[in-house]
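According to the UniProt record's numbering, the residues represented by the sequence shown are 1 to 241, in order.
Check before you lean on any hint, since a few could be wrong.
Using 25 Å as the maximum straight-line C-alpha spacing, the simulated DSS-like pairs for lysine-lysine come out as follows [as the list claims (entries may be wrong)]: (1) Lys214 with Lys132; (2) Lys89 with Lys66; (3) Lys132 with Lys89.
Pair by pair, the computed Cβ-Cβ distance ranges are [to be verified]: (4) Arg175 with Arg213: 16 to 26 Å; (5) Thr46 with Arg213: 20 to 30 Å; (6) Val26 with Asp94: 41 to 51 Å; (7) Asn164 with Gln49: 44 to 54 Å; (8) Gln189 with Ile83: 31 to 41 Å.
FYI, nobody ran anything at the bench for these hints, they're computed from the structure.
As the structure is a computational prediction, the values presented were derived from the model and not from experiment.
For each residue, glycine too, the CB sits at the ideal point set by N, CA and C.
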Amino acid sequence: MNPRQRRGLLLMIVATLGAFVVFFSVLGYVGNIRAQARAEVGEMTTVLQLQTDVGAYEPVTASALKEVLVPRRWSTEAFVQNIAGLQGKVAAADLPTGAYLQQGMVVDAPTLQAGQREIAIIIDAETGVAGKVLPGSIVDVYGSFDSTQNGRTTTGACAVRILNRVQVIDVGQLRQEQSDQQGQNTAAQVVPVTFALNSDETLRLTYAESFARKVRLALVGGTKDTKPPFNRLCKTPEVGS
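Sequences are here, hints too, so could you generate the full structure?
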């Protein structure tokens, strides 16, 4: 081996040793930074994060969640940490991917008693006690019907109490809905309201939603009416001879 080759080999050895020194220096620096970061953020804890979108009132299942570590100092008791605690829960609103699951983001799924039917209708926010009807509210449901004429029989416009003292089990999100009234396309704020009713009440509510000009909710206070209200108020126009 000539002197030039020996110098080349020596330089390669020095370069290799230098690379090892740099590698271990960087490794030690990174480890030191991580140790400092752990010391700054403190103890870690597990929380649940959504890995898929969950629609409003859909069940929050284990497949839609993943466990992630966050500093305990950044978490609160509001964070959901146990998947088992989500049994029988549904999303209170549309939940996006990446959101950390908290207590107020899920609610108990509606429960039905034997023979009850769960039914939801769309209520105009202006005529439906907007913002005041909540799950558990007791309401009366009223429908107003236009006058109709069939041959010589004329039925006047009527306001009818469709349901008396029924319980709301869920209220959806307020949204805009297009409607066509008297040839004019207008936007109205509506909200879906869900009831748990028996079969007869379900039929009456379905009829009112389909044929009534307006369906209104009225919040009811107290345990009973001191004076029972009229069930029906009709205006019957005179019929010509």
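Hint check results:
1. Restraint check for Lys214 and Lys132: the C-alpha separation of about 19 Å stays at or below 25 Å, so the hint holds.
2. Distance check on the hinted pair: Lys89 and Lys66 sit about 17 Å apart at the alpha-carbon level, within 25 Å; holds.
3. Between Lys132 and Lys89 the CA atoms are separated by roughly 23 Å; this keeps the pair inside 25 Å, and the hint holds.
4. Range check, Arg175 to Arg213: Cβ separation about 21 Å, and the 16 to 26 Å hint holds.
5. For Thr46 and Arg213, the hinted distance range of 20 to 30 Å is not satisfied, since their beta carbons lie about 54 Å from each other.
6. As the Cβ distance of Val26 to Asp94 is approximately 45 Å, the hint placing it in 41 to 51 Å holds.
7. The beta-carbon spacing between Asn164 and Gln49, approximately 46 Å, falls within the hinted interval of 44 to 54 Å.
8. In this structure, Gln189 and Ile83 meet the distance hint of 31 to 41 Å, their C-beta atoms being roughly 36 Å apart.
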